[in-house]
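Novice: Same order as they appear, the protein sequences are chains A and B. Its first residue numbered 175, the first sequence is counted upward by one per residue in our numbering. Its first residue numbered 30, the second sequence is counted upward by one per residue in our numbering.
Worth flagging that the hints you see were computed from the coordinates, not collected in a lab. Fair warning: this is a prediction, and the values are worked out from it, not measured in the lab. We put the beta carbon where it would ideally sit given N, CA and C, even for glycine. Honestly, I wouldn't trust all of these hints.
Label pairs and their in silico Cβ distance ranges [unchecked claim]:
#1 B:86 with A:403: 48 to 56 Å
#2 A:437 with B:134: 43 to 51 Å
#3 A:543 with B:138: 22 to 30 Å
#4 A:177 with B:66: 50 to 58 Å
#5 A:538 with B:86: 18 to 26 Å
#6 B:182 with A:329: 39 to 47 Å
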Amino acid sequence: MFEKVLLKNADKPESHRIKTYLKGGGYEALKKVLKGYQPDQVIQIVKDSNLRGRGGAGFPTGLKWGFVPKDPTVPKYLCCNADEGEPGTFKDRQIIEKDPHQLIEGMAIAAYAIGANKAFIYIRGEFAFGARRLEEAIAEAYEKGFLGRDILGSGFDLDITVHRGAGAYICGEETALIESLEGDRGQPRFKPPFPAVKGLYNSPTVVNNVETLSCVPHIILKGADWFRGIGPEKSPGPKLFCLSGHVKRPGVYELPMGISLRDLVEEYGGGTRSGRKVKAVIPGGVSAPMLPESRIDVDMDFDSLAQAGTMLGSGGVIVMDESTCIVKVAKRIIEFFHHESCGKCTPCREGLDWIDKIMKRLEGGNGRKGDVELLEDLCNNIFGKTFCPLGDGAVMALRGAINHFRDEFEYHIEKRTCMVA
Amino acid sequence: MKDLREKIREISKRYPDMRSAIMPALYLAQEKYGYLTREAMEEVAEILGIPPVAVYEVATFYTMYNKEPVGKYHIQVCTNVSCMLLGAETLVDHLRKRLGIDVGETTKDGLFTLSTVECLGSCGTAPVMQINDTYYEDLTKEKVDEIIKTLKEEAS
Chain A
175 MFEKVLLKNA DKPESHRIKT YLKGGGYEAL KKVLKGYQPD QVIQIVKDSN LRGRGGAGFP
235 TGLKWGFVPK DPTVPKYLCC NADEGEPGTF KDRQIIEKDP HQLIEGMAIA AYAIGANKAF
295 IYIRGEFAFG ARRLEEAIAE AYEKGFLGRD ILGSGFDLDI TVHRGAGAYI CGEETALIES
355 LEGDRGQPRF KPPFPAVKGL YNSPTVVNNV ETLSCVPHII LKGADWFRGI GPEKSPGPKL
415 FCLSGHVKRP GVYELPMGIS LRDLVEEYGG GTRSGRKVKA VIPGGVSAPM LPESRIDVDM
475 DFDSLAQAGT MLGSGGVIVM DESTCIVKVA KRIIEFFHHE SCGKCTPCRE GLDWIDKIMK
535 RLEGGNGRKG DVELLEDLCN NIFGKTFCPL GDGAVMALRG AINHFRDEFE YHIEKRTCMV
595 A
Chain B
30 MKDLREKIRE ISKRYPDMRS AIMPALYLAQ EKYGYLTREA MEEVAEILGI PPVAVYEVAT
90 FYTMYNKEPV GKYHIQVCTN VSCMLLGAET LVDHLRKRLG IDVGETTKDG LFTLSTVECL
150 GSCGTAPVMQ INDTYYEDLT KEKVDEIIKT LKEEAS
């Protein structure tokens, strides 16, 4: 039986209060770090743990921290990415609302490791309740001396500011997040330079997801070996999986990385609420290509899902039963990306506009012969040709739908109606 | 009661650069005026000591800044995949009939504006809508009716 790590406090009464957190051993990791570790040692522990970013890309966290220059005269920043916006994802909200101190402690350790004295939590604007929760928790942490000047007598200073976004999905992309924090339109920057070298206010900046940062206190207390021992060694740790769609028991499930997608859907999710057969599953938020039911015997970790031609992404699992029209789902996903494209680069802005038009006519029964090939051609002209991964996400989602359910697209064109209706 | 200027000045101290305060300042202006008029945006620019265009460009990029008036209750129904699979479209149709307005419109009494929005990050309790800052989850037509009724009573 897997013992919960990230959600261990979530069901306690007043789980969001510092007194609850302290009772469960909260802020012990921060104390341990400030008393006994040099910043470099903290980075090494996180590297050894093989912790990979939970926001979607799966980049090794310790490596990211290690890229920050050591020059003490340069200001550095830590940004927590709480712009949870990938459709199908609602895990960070659990941590923010139910155990905000876990995140704050993780941030304090991360800031110490990279030498930052100022940190921001960029939270999506819709999470007004979560933003208030964080503000209250931060105030509690200041009061107890876990934030502010000379934290626990260590000489280390840290201030955290909560910054609310205002409804732009693109701000979950780290350079767009930085632009937005600087008071600009959230449009991604060209990389390189990477934020670790030149980020917020042109200073070295680390941007980490809520869940990623929340893993850090546990790694410090229980050790890198413990963390690496949960799930596959190269993609380890506890993971929050979000189950939604036609599944019987939706919700956030904390399980070891590498659990089988079928078990997640059938055992934990209880199959479909209608009792119909599962038709397809999106394993990692709508950017992740969907898998037909025949292919869901796959492990839920970064590498296994990549091998299966899709991705773990944010861990947002959307289950679709047999009554689902895949063309309609694909149309809705494209509509989303089209709406959220920031407009900066041509392939994404123009390409998605065109794809959106085609998908609308196709789904509406006015598809033309050759539309599927045209969609594929457009996909090829967007993928890998954009500033940021938003365009790629749209393409991956659409390609996934076409690759596995091409007959449904063709049926829509030929019969001018839906296969499942 | 602190005025807008004081509140914005205070919040701008949290940032190394005044420009970073544009977003929170716009929220404060929106809270005061209900929506962001050109004058409101110019006021924000003046308080922060930055060119008005810097404020316009931010206000027009983000969907949560209302550039047009909205009703006392801004109903925002999520229609993204997880909510769609569980009947968000039916809910939107129901709300249109119930309120007698189309998506993007406001009722004549100024109480309700109906919008559809992208994923609200609450897919596990789909279908979901947000009214002003509050989330309403696991919705059914009956629940929606109850919520509308309560809000109408609250407003009268």
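Novice: Need the list of violated hint numbers for this structure, in ascending order.
Specialist: Going through the list in order, the structure violates hints 3, 5, 6 and respects the others.
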